[in-house]
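S.K.: If you want the building blocks of each chain, they are given just below.
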Amino acid sequence: MRRYVAGRLLLMIPTLIGVAILTFVIMRAVPGDIVALKYAGSPVPQSIIDDERHQLGLDKPMWEQFTDWMGEIARFDLGTSLWTGHSVVEEIEVRFPLSLELAIIATLLAVLIAIPLGVVAAVKQDTWVDYAIRLFSIGGLAMPSFWIGLLMVLATITFFGWAPPLVFTAITEDPIANLSQMILPALSVGYRYSAVSMRMTRSTVLEVLREDYVRTARAKGVSESVVVMRHALRNALLPVITVVSLEFAFLIGGLVVTEQVFNLNGIGKLLVDAVAHRDYTLIQALVLLLAAVFVIINFVVDMVYVVLDPRIRYS
Amino acid sequence: MFNRQIAALPVALALLLAACTPAPKGSAATQSASGAEQPQPGGTLTFIVNAEPPSFDGHRETTFALLHPIAPHYSTLYKFDPGDLTKVIPDVAAAMPEVSADKLSYTIKLRTDVKFHDGSKMTSDDIVATYQKIIFPPTGVLSPRAGAYAAVETITNPAPDSVVFKLKYPSASFGTNLASPWNFIYSAAKLKTDIHWYEKNIMGTGPFTYVSNTKGQDWVGKKFPDYFGKDKNGVQLPYLDGYKALIITDANAEVNAIRSKQAAIEFRGFTPQQRDTLSSALGTSLAIQEAPWICVNYIVPNTKKPPFDDVRVRQALTLAIDRYAGSTALQKITIVKDVGGLMRPKGPFAQADADLQKIAGFGTDGAANKAKAKQLLADAGQSNLTFKFLNRNITTPYEPVALFVLDQWKQIGINATHDVKETSAYQADLRAGNFEVALDFNCDFLDEPDLQLAKFWSASGLGKGLNFAYYDDATLDKMIDGQSRETDPAKRKALVADIEKYAMDTKAYQYPVLWWYRIIPYLNTVRGWRIGSNHYTNQDLETVWLGK
Chain A
1 MRRYVAGRLL LMIPTLIGVA ILTFVIMRAV PGDIVALKYA GSPVPQSIID DERHQLGLDK
61 PMWEQFTDWM GEIARFDLGT SLWTGHSVVE EIEVRFPLSL ELAIIATLLA VLIAIPLGVV
121 AAVKQDTWVD YAIRLFSIGG LAMPSFWIGL LMVLATITFF GWAPPLVFTA ITEDPIANLS
181 QMILPALSVG YRYSAVSMRM TRSTVLEVLR EDYVRTARAK GVSESVVVMR HALRNALLPV
241 ITVVSLEFAF LIGGLVVTEQ VFNLNGIGKL LVDAVAHRDY TLIQALVLLL AAVFVIINFV
301 VDMVYVVLDP RIRYS
Chain B
1001 MFNRQIAALP VALALLLAAC TPAPKGSAAT QSASGAEQPQ PGGTLTFIVN AEPPSFDGHR
1061 ETTFALLHPI APHYSTLYKF DPGDLTKVIP DVAAAMPEVS ADKLSYTIKL RTDVKFHDGS
1121 KMTSDDIVAT YQKIIFPPTG VLSPRAGAYA AVETITNPAP DSVVFKLKYP SASFGTNLAS
1181 PWNFIYSAAK LKTDIHWYEK NIMGTGPFTY VSNTKGQDWV GKKFPDYFGK DKNGVQLPYL
1241 DGYKALIITD ANAEVNAIRS KQAAIEFRGF TPQQRDTLSS ALGTSLAIQE APWICVNYIV
1301 PNTKKPPFDD VRVRQALTLA IDRYAGSTAL QKITIVKDVG GLMRPKGPFA QADADLQKIA
1361 GFGTDGAANK AKAKQLLADA GQSNLTFKFL NRNITTPYEP VALFVLDQWK QIGINATHDV
1421 KETSAYQADL RAGNFEVALD FNCDFLDEPD LQLAKFWSAS GLGKGLNFAY YDDATLDKMI
1481 DGQSRETDPA KRKALVADIE KYAMDTKAYQ YPVLWWYRII PYLNTVRGWR IGSNHYTNQD
1541 LETVWLGK
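Residue numbers (my numbering), protein chains in the order written: chain A, 1 to 315; chain B, 1001 to 1548.
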């Protein structure tokens, strides 16, 4: 097991290097750079454009830019944003707590909605309860979370003259202000996210309920609630956990439009701004960060499998 | 020493501007508020900025996203009067410049009561250091507007309260360029320590000191108690205790911020639909100011690419566009309105409508123009002309303007396809000449031919990196240079009219579609701010206050 864990941890390094190379090449293959964009429409002479490219190192050969960047990474230096001139770490650390908190709240909401409803839908298969829950979940899948968010904001402004605060306050500073800002985006994202997990929970519970050991438990006279909760749900949770964890990783950097709608200063918005600005160092750092989040979460999930299902053993 | 004339050029230009610029359109709420009420001190103004500033150095950057949050920290030598934005007034200067008889020397007396936010006194050393950085940047320092001061030979400070600019030749625009909103006065001591210090730090002499900046979220400033400015009644400025600029990049979120009264104003501009949404939601709580805007979209045929090297084809492209019909239709849905030449319509250098209408593509008989355009294409052997029309992927106003133009061209048999690209890729194509015809744009802080004609210099000369039509024309260069040196406003206006005729008609190098129109809906608690014809000036918030 230790050997397996060590191997998985070591495998993260080539994975992240591969991501770094891909990001580096893809970004430079896209036409245009930060300098052209920065002076778009401004009557700025070509000499200024050339000077700024030189200052930012964009006139160097691509291999030299790559080795420079890799050298920085090896020194645990993510570099400076080409757009703001501030350190990339500084840019990310302002936004990361918000994205992490939103991901956690949305995940909690999603799990709290998805698992009970998914189980109920499976147990009450093909009854009106199942149909109602399926309708609810299909609604979540069909409607984009940013659109739900937009409707929520419009509704609260129209009916209550209120919209979520536009400035982030840490939960440790003022929990009420923090939750006022986070609750609507978390609900809009959590609803969609719960729909995916609810469908998965329903189908896996249904599958498990048909297993021999469930029939055996019922034959032994175990109560239905124990059958469902102890024998079926625990075994049905493995694929659900995979979906939930991957969604969680996605939420950290993928809520671009939702963050725009609610003006949340998160990682998704930062990434899109960085791409729009062709801020290579920031994009590279963010993609590496998000890749690391995915890789680590996948690893953690694999470890959780062992805890949930004693039959699984890695070697 | 030399025969001094008080403020000859700026005053003459200011008078001309005042005579030619229409008053901004405002709602009743706004006008009564700014006209009759006594300013009330106190409060914090929260406003929206829809982009993030790159560096903090005004000398280096070109975006309004820097000016809106950062200009309140700084003063400039001169500025535009917040009460009459056509008029240049002293800021840290004590008076308008004294101009020598040969118009080659500008002597500027400075205020002696100006302090930086660290408590140090501002002197002429700071002005010299500031303008040396802007006009003669050392290696490694970027100054994109240095070219606007090409006439300057030396900057000296004979006394702590006096600065002298010596010019190589008379320059019509030099006086007003001293009121450029980008020319923040910096501390000579800070610049001496590190010429790049202001790229990441703030320390000026403006009405507000720096408090904080949360990246991607907000920028906060508070009143500078030792600010030198006072209003006409001797009340200490600024009126506000502070301000907070919220960075909101999504258009819906901007509207929602004002609608929910979390922000009071956005100073760049909204679309007609956004204005109407806010107006119906907020009713009398909303005030609206509107004004013509010194921003314009140009059609730019790439003269290096056949058949656009043929003047008849270029003339056909402009003749096909019925700008008056376009104005009627597009002003309802986007931020364009007026038909004009290279100078802002109804601005101080604009031609009379009757004269403008004699230029190809600006006549009011759309059908006759289109017939002539068809004939020109036939003469050039291009009756079935097909090309790609490069545009950027920004809705307001690029997409509707481009769609209108494409439709106009289609009516004379041109089959142009809309080649929409993300801004960086669009800019890369423009700068590489990798396009056939493009929709370019330009925005300036001032009605000033030197600024508006910057894109018309020869592409291999002063227009390098600016002139995307890629022509070289010594005649046009000479005409542009001539107007720049002409210090008589009336004569200069006539020279500019000649340039318009030559560049838009005779050679048809590049030509405007429609000029932009600025719309600012805002909470009517905001007082003491007046819309101008640009979104760069009047942003120091010195005279802004909050009413009930």
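If you are wondering where the hints come from, they were derived from the structure by calculation, not from laboratory data. The reader is advised that the hints may include incorrect statements.
Stated by the list, open to error - Pulled a few chain B residues facing chain A out of the computed Cβ check, cut under 10 Å:
id, residue
1, 1250
2, 1256
3, 1421
4, 1434
5, 1436
What the hints assert, rightly or not - To spell it out: a stretch of chain A is covered by chain B in this simulated footprint if at least three of its residues, at any positions, have a beta carbon under 8 Å from a beta carbon of chain B; those stretches are:
id, region
6, 47-53
7, 129-137
Ideal Cβ placement from N, Cα and C applies to all residues, glycine included.
S.K.: Evaluate each hint against the coordinates.
M.R.: The hints, checked one at a time:
no.	hint	result
1	1250	4 Å, holds
2	1256	5 Å, holds
3	1421	8 Å, holds
4	1434	9 Å, holds
5	1436	16 Å, violated
6	47-53	holds (count 5)
7	129-137	violated (count 0)
Checked against the numbered hints given earlier, this structure breaks hints 5 and 7; the rest are met.
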